[in-house]
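Student: Sequence:
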Amino acid sequence: MGFVLALMINTFTHFMHDTVKKHYIFWLKSVMFLIWGLVVVRTFFQSFPLVNLLEVFQNGSLLFFLLLVVTALGKRVLRVLNIHFSCTAEEWSFSFGLGSGGIVALIFGLAALHTLHEVVVVGVILLVSCLVYSDIRGLCLEGFRVFSSVANRTFSLIELMFVFLIGIAGVSTFLAAATPPFFYDALVYHLAVPQQYLLAHGFHEMPHHHFSNFPMNAGMLFTVGMSFSGGMLAKLLSWIFAPMTALAVYGFAKTRWGRQTAVLAAAILFLVPGILTLSILTSVDLGVMFYSFLSLSALITWFETRQNSWFFLAGILCGFALGTKYTAFVITFVTLELVVFLREAWGKRYSSLFIGLKKMLLLGLLALCCVSPWLMKNEVYTGNPIYPFFNSWFSTHASPFDNYDQVSLSRNPLFVFFRTIVGNEPFNGRYWRELLSSYVRSPWTVTMSNTRAAGKTGIVFLLCFPFIFFVKKLDNAGRYCLGIAAVMFFLWLVFFSGNALRYVFQMFPPLSLATASMLDTVPRARISKHCLFVGVGLLLSYHLCMMFQEFQVLQPYSYLFRNQPEERFLVEHGVNYYPVVDELNQKLPEGSRILYVGELRGYYCEKEFLLATNAAVSDDEKLLRRFIVESQDVLEVLQKLRQQGITHLLVNFSEIHRLAEIEGDRESYFDFQTAKDTHIFHTLFSRHFQLLFSQHQVNVYEVLYDELHP
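Numbering (numbering that gives the first Met the number 0), first residue to last: 0 to 709.
One should not assume that every hint holds.
Stated by the list, open to error - List time: in silico DSS-like cross-link candidates among lysine-lysine, alpha-carbon distance up to 25 Å:
1) K586 with K606
2) K606 with K639
3) K675 with K606
4) K606 with K376
5) K675 with K639
What the hints assert, rightly or not - Label pairs and their calculated CB-CB ranges:
6) S540 with L112: 47 to 57 Å
7) K586 with Y438: 54 to 64 Å
8) N449 with G122: 38 to 48 Å
Hints are computed from structural coordinates only; laboratory data are not their basis.
Here the structure is a predicted model, which means the values were calculated and not measured.
The beta carbon of each residue, even a glycine, is placed where N, CA and C say it ideally should be.
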């Protein structure tokens, strides 16, 4: 076809006048190539269809739009605070941080007023975009100027190598994140709880679901994504925190150490295997990492400039981190308070203990003011502002089985030490020797093992550890970063060593900066520095290979490149309840309330549900089992179900067996101890629970209350 078009155009132009020919020949050939290209592209994608390519483009476009709106809103706030930047990357990252906090506040207000409708959320975002239109326009022009000037700059091969690695990782993780959510924690509460708020049009009590009372700044952003497009856009909003943190690290380093060190620091951070893995899941830990680093960056800048706006900004951003996850209270808040106290009490010429305590108090008040809306929400719904911790200290009306703090403290070495000193517990020398030994080995252990989901640090940090002893002079910013990373890691060891490494991802930005600064400082000869940077590039390439190895397990691309429907993708990724939930969303009447049995994941269900997520993993909190054990007969169980408003049951038998093996080495948590309980159980499922539909060992039953009096 292309040959025919070319022949026709050449014949036509042969008989034309030269001036006319020169005027039209370009456009004729352009039309020819355009037609040819459209035919080739259309035929190719019909032969090898990517059915979800349009969906990826749609969600990517919406993500870019939200990124512009949020960043423009933040730029306006920065103008009010009279804060100026010498690096565009640093300004953009801080603008995004402040703007996202503003959007969270708006969505929180809608939820508190019970006006959280999808159309209202979309309308509010569009209204904000109109109000900050001039900033959006200026941001686009500024971005165009920045990227246009890149072509006129000279980049070293070292810089191009690191940018290339960042680019591959960025594109790969973006495509992997543009898929339906399947991460277990996201389906339990990161997405499930905001979805329930959206369906109920506001905050409401979710009894027995203690995760619903965790701070949810990221959840409010996910609500925006779900309102515009669904869970995939929410997943991309989780992903965006990884490149934005890398951008913030680049801006911090470029201002102080130059472009080459900045690119190196950004590459070291972004190519941490755990961060790459977590970026394709729907998690809140990257958000905690982002806000924590911005707070740290603002605090260091305040140390350097003594401009009070930076101190104010550090407190606000620390509060945003606290409002994203409770772990930030220990890892971020305690670290920043300690740094402020040491700096103001002993780190200056005119220091004093009073000034240190005063600055600690001010920073703490700023942070607590920003997280206070979530504390007030908990006070309203549970009677405990920091629920589910320390319920015994408050007159909480939450579930008596929520002993989250007792379970956590029982494993904490500080609590063990307190019981040894104050209580009657004998001193266990072996325990403390093993504990100290594990602390000494911890950098090696963490590097050489996978600490739960996304728990890989990579090799660069441990390999560069000896450079600490070779660096003769590290500037103040580098020392701050190195010390803060060490304190954060130590706090994780003391409070969360049995938990996931992602709880301390806040340490990676300052650690990446300190590592890049040391790598740039140690070798004096230029050729030695280039060889060292090439070696680091090879190690980061290996991190990239580790990411693709992880992708072989997670298989995120099957949805994009295998022509795979959403249902099949989710079932293959362990979300075996999705087909049944999709069916009950369509068939169950309005007002239905579903009791989940053996299933903790509530996302994708558009009906009201009741499930228990107890931290102690105790049989007592499994509602159906507890009702059976506490009742004398079937009618009493039915009465308790009716009091809870239960109309249907969702029973995931495969998940029951999996959880039972983890919790008590049993075949099922319906292994009752008495004949009475076993009889009630079998009677319920044979006479009062009517099977409606079943797929993949997940059953939905209707509860029949025929034998109960109205």
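Student: Against the earlier hints, flag every one the structure doesn't satisfy and list their numbers going up.
Tutor: 3
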